[in-house]
Amino acid sequence: MSEIFSLAFMQRAMIVGILLGAVSGFLGVFVVQRKISFLGSGLSHAAFGGVALGIFLGIEPMFLAIPFTLLIAFLMVFLKKKADISADTSIGILFSVAMAIGIIFLALNENYSADAYSYLFGSILNVSVFDLAIVAALSLIIAIVGKIYWGRWAYSTFDAELARTSKLPVETDEYILTLLISLLIVVSIKVVGMLLLGAYLVIPAATARIVSRTFFQMTLLSVLLGIVSSIGGLILSYFVDLPSGAVIILLQAILLIALLITKEIK
Amino acid sequence: MPDFAIKTSNLTVEIGNNIILDNINVEINKGDFVAIVGPNGSGKTTFLKALLNIIKPTAGEIKIFGKNLDEIEAGDIGYVPQIKTIDRSFPANAIELVLSGVRNRWLGVKSREDKKLALQMLTLVGAADYAKKQISELSGGQLQRVYLARCFASNPKLLVLDEPATGVDLVCEATINEIIEEYNKERGVTVLMVTHDWTAAYHHTNKVMLLNKQLIYFGNTGEAFTELNLMKTFSHLGHKHKVTFGLKSYE
Ligand SMILES: Nc1ncnc2c1ncn2[C@@H]1O[C@H](COP(=O)(O)OP(=O)(O)OP(=O)(O)O)[C@@H](O)[C@H]1O
Ligand SMILES: [Mg+2]
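Going down the list, the sequences are from chains A and B.
In terms of this note's numbering, the first sequence opens at residue 8 and continues consecutively.
In terms of this note's numbering, the second sequence opens at residue 5 and continues consecutively.
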C-alpha cells in the first residue's frame with residue numbers, strides 16, 4: 008500500500024484528486040441546487056471537442072479545450088437568457104456538435120487513441136506536472152473567488168429575485184460561477200474522463216444534501232465527500248487497474264446509497 | 005413640493021408584445037398604507053416588481069423617496085413576494101431566511117447578534133416557535149410569517165407586500181394584517197399591500213389602488229369600493245351571473 012505513495016505519478020494524481028474533489032464538491036452544491044447538472048455533462052462534451060482538436064493538431068489539448076469550452080459555456084448562458092429560443096434544444100444541439108467535431112478529429116488521427124481513451128474515461132497514469140500546475144492554479148482561484156461569492160451565489164440560488172432586491176448583481180455573479188464551472192470541467196477531464204464528469208460534479212453535493220440542515224453544512228460535507236471519494240477512487244483504481252473516473256463515480260454512488268439507507272433506517 | 009414615498013409617471017410595462025401596465029400615474033405619500041386590488045393577471049405583482057427594480061419598465065419613470073431606483077439602499081425596501089413555490093429542496097432554516105434580508109447575502113456562520121435579531125423578528129410575527137425549523141417543513145402560512153419577519157429585519161422605510169396573508173387561515177390573516185397596520189402606524193413606514201380581501205383592505209388601509217392594466221382608482225379607502233369602481237375593475241372577466249359587490253362586515 009505505502010509503495011504507491013512513493014510513486015511520482017501517484018503523488019501527482021493524489022494531489023490532483025484531492026484538489027479536484029474539493030473544488031468540484033464546492034461548486035457542485037450550486038450545480039445541484041440550481042438544477043443545472045446538464046451544464047456539467049454538456050460542457051464536458053464541449054471540452055472533449057477542444058481536447059480532440061488539440062490532439063489532432065499536436066498542441067497541448069488544454070490550450071484549445073479551455074477557450075473552446077468557455078466559448079460554448081457563454082453561448083449557452085446567452086441562449087438561456089433568450090427565452091424565445093428553446094434553450095434546451097439549442098443547448099443540446101450545441102453540445103452534440105462539439106462532441107461530433109471531437110469524434111471526427113480523433114478518427115482522423117488514430118495514433119493518439121490511447122490519449123483519447125484517457126480523456127474519455129479518465130486515467131491517473133496520465134496526470135503530468137503540467138496538469139498538476141493547472142489544477143493547483145485553478146483550485147487557488149476557485150478557493151479565493153468562492154470565499155467571496157459563496158454567500159451571494161447561495162442567496163441567488165435560493166431566490167434570484169430576492170437577491171436582486173438586495174442589490175446583488177445576480178447576472179454577473181452567474182457568469183462568474185459559470186466561468187469557474189467551465190474551467191473546472193476542462194481541467195478535470197483527464198482525471199475523471201469526459202463521460203463521467205457530469206456525475207462527478209453532482210453526486211457529492213446530492214449526497215451531502217440528504218443529511219444537511221443548512222446550505223453551509225451541505226457545502227462543507229460536499230467538499231469532504233469530493234475529497235474522500237477522489238482519494239479512495241484513485242487508490243482503488245490503481246490496485247484494480249481500472250479507469251480512475253469510473254472507480255471514483257462508483258465509490259461516490261456507494262456513499263450516496265449508504266447515506267440514503269442510513270437515513271431511511273433512522 | 006411634497007415629498008412622496010413613491011411617484012410613478014406614465015409607468016408602462018410590456019412583456020413581449022403584451023401591455024401589462026398601461027400608463028400608471030400614482031403619488032403615494034409617506035406613511036400611507038395602500039391596498040392594491042385587482043383581478044388575477046391585472047398587473048399587481050408586475051407593478052411591485054417594477055418598483056423593486058426586478059422588472060424594467062418599457063416607459064415612464066419611478067421615484068422612491070425622490071430617488072431613482074438604483075440609488076435606493078438595499079434594506080430600505082422590505083419585500084414579501086407572492087409565494088407560490090419556493091425551492092423546498094434548499095437546506096435552510098427560518099433564521100437564515102430572515103437574515104438574508106438584512107445581510108444581503110446568505111450566511112454560512114451566524115453570529116450571536118444575527119441569531120438574536122432573527123429571533124426578535126420572528127417573535128414579532130408570532131413565528132418564534134419554528135425559528136430552527138427547516139423551511140421545507142413550514143406550511144404556507146408559517147412561511148408567510150417568516151417572510152414578513154425577513155422584511156421587518158432590515159428596518160425598512162417601505163414595505164412591499166404581495167398577498168402576505170393569502171393562504172393562511174382567517175385568524176392568522178387577521179393577525180398578519182394587524183401586525184402590518186401596527187408597524188405602519190407606529191413607525192410611519194409606508195406600506196403597499198396587494199390583497200384580494202377587500203374587507204381587510206377596507207379596515208386596515210387608508211388608500212386603495214384599483215388596478216386592471218390601467219389605474220382604475222387611486223385615493224382614499226373610504227370612497228374606493230363603489231359599485232362603479234369595482235365593475236370597472238372586475239367586469240371584463242365576462243361574468244354572466246350578477247356579481248354583487250359589497251363588503252362583508254367585520255366582527
Ligand atoms: N414573466 C412573464 N412573462 C410573460 N408574461 C408575464 C410574465 N409575468 C407576468 N406576465 C403576465 O402579466 C400579467 C400580469 O401579471 P401579474 O403577475 O402582475 O398579475 P397579478 O395582478 O399579480 O395577478 P395575481 O392576482 O394572479 O397574482 C399576466 O397577464 C401575466 O400573464
Ligand atoms: Mg400577483
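Incorrect hints may appear among the rest.
[Stated by the list, open to error] Below, a list of computed lysine-lysine pairs in the PhoX-like style, where the Cα atoms sit at most 20 angstroms apart:
id, chain 1, residue 1, chain 2, residue 2
1, A, Lys-87, B, Lys-136
2, B, Lys-34, B, Lys-114
3, B, Lys-161, B, Lys-211
4, B, Lys-114, A, Lys-154
5, A, Lys-174, B, Lys-211
[Claimed, not checked] Derived coverage of chain B by chain A (criterion: at least 3 residues anywhere in the stretch with Cβ under 8 angstroms from a Cβ of chain A; other residues may be distant):
id, region
6, 30-36
7, 102-112
I should point out that these hints are in silico values taken from the structure, not numbers from a laboratory.
We put the CB at the ideal spot given by N, CA and C, even for glycine.
Numbers of the earlier hints that this structure fails to satisfy, in rising order: Result: hints 1, 2, 5 and 6 break, sorted rising.
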